[in-house]
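*Asks:* Sequence:
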Amino acid sequence: MTAVHFDSYTEARAHLKALLDAAERGRVATVRRESAVTAFVDVERLRHYLAVVTPSRAQVLPEAGGWSVFIPGLPVAADGATFDQAIAEMIEGLREYAEDWQGRLLDAPNHRENWGLVQLISLSDDEQLREWLVGKGR
Numbered sequence: 001m002t003a004v005h006f007d008s009y010t011e012a013r014a015h016l017k018a019l020l021d022a023a024e025r026g027r028v029a030t031v032r033r034e035s036a037v038t039a040f041v042d043v044e045r046l047r048h049y050l051a052v053v054t055p056s057r058a059q060v061l062p063e064a065g066g067w068s069v070f071i072p073g074l075p076v077a078a079d080g081a082t083f084d085q086a087i088a089e090m091i092e093g094l095r096e097y098a099e100d101w102q103g104r105l106l107d108a109p110n111h112r113e114n115w116g117l118v119q120l121i122s123l124s125d126d127e128q129l130r131e132w133l134v135g136k137g138r
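Following full-length UniProt numbering, the numbering of the sequence shown begins with 1 at its first residue and continues without gaps.
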């Protein structure tokens with residue numbers, strides 16, 4: 001089986017299993033709807049890819065008897081009495097940012113380029129986000 005493409009929403013709906021099977025296997029799977037073409041991608045493949053191409057650049061610093069975490073260029077920061085508390089707060093802050101982005105920031109010029117980051121946050125569980133922020137084994 002090669003790439004799977006359907007030229008209409010109706011055709012894709014009639015062959016939904018083939019479309020989803022192709023996406024799950026990592027094959028190109030697309031549907032045209034009017035002038036737009038949409039790709040279907042397995043969630044874990046997309047999440048893994050985004051984690052690889054979107055480095056966190058998180059900076060974790062000891063500060064005033066606790067820890068602070070921030071990502072340069074993002075309006076998200078967190079503090080905690082312990083390293084783990086600061087990271088947990090950062091994960092919560094990232095989730096809030098992703099929610100705000102989807103609700104109102106996606107068209108803002110200084111936020112629209114964060115699409116990949118928002119997808120990564122939304123597709124990751126807390127442990128995956130922690131690993132993305134601080135690396136494996138920390």
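Simulated from the structure, these hints should not be mistaken for laboratory data. A hint or two may mislead.
As the list claims (entries may be wrong) - Per label pair, the in silico range of CB-to-CB distance:
1. PRO62 to TYR9: 47 to 55 Å
2. LYS17 to THR82: 44 to 52 Å
3. THR10 to ASP42: 17 to 25 Å
4. LYS136 to LYS17: 34 to 42 Å
5. ASP107 to VAL52: 53 to 61 Å
6. ALA36 to GLY66: 43 to 51 Å
7. GLY66 to VAL41: 16 to 24 Å
8. ALA81 to GLU131: 46 to 54 Å
9. ALA39 to GLY66: 21 to 29 Å
10. ARG104 to GLU131: 27 to 35 Å
11. PRO55 to GLN102: 33 to 41 Å
12. GLY135 to VAL41: 34 to 42 Å
Nothing here was measured: the structure is a model prediction, and the numbers come from that model. All residues carry an ideal CB built from backbone N, CA and C; glycine is no exception.
*Asks:* Each hint should be assessed against the structure and marked as holding or not.
*Replies:* Hints versus structure:
In this structure the hint that PRO62 and TYR9 lie 47 to 55 Å apart at CB holds, the actual value being about 54 Å. For the hinted restraint 44 to 52 Å between LYS17 and THR82, the CB-CB distance of approximately 48 Å keeps it satisfied. Between THR10 and ASP42 the CB atoms are about 24 Å apart, so this pair conforms to the stated range of 17 to 25 Å. For LYS136 and LYS17, the hinted distance range of 34 to 42 Å is satisfied, since their beta carbons lie about 36 Å from each other.
Between ASP107 and VAL52 the Cβ separation comes to about 27 Å, which falls outside the hinted range of 53 to 61 Å. Taken as a hint, the range 43 to 51 Å holds for the pair ALA36 and GLY66, whose Cβ atoms sit roughly 48 Å apart. At roughly 39 Å, the beta-carbon separation of GLY66 and VAL41 lies outside the given 16 to 24 Å, and the hint is violated. Roughly 22 Å separates the CB atoms of ALA81 and GLU131, a value that falls outside the hinted 46 to 54 Å.
In this structure the supplied range 21 to 29 Å is violated for ALA39 paired with GLY66, their Cβ-Cβ distance being about 43 Å. About 29 Å separates the C-beta atoms of ARG104 and GLU131, a value consistent with the hinted range of 27 to 35 Å. For the pair PRO55 and GLN102, the beta carbons lie near 22 Å from each other, so the given range of 33 to 41 Å is not met. At about 25 Å, the CB distance of GLY135 to VAL41 disagrees with the hint of 34 to 42 Å.
Hint violations for this structure: numbers 5, 7, 8, 9, 11, 12, all remaining hints satisfied.
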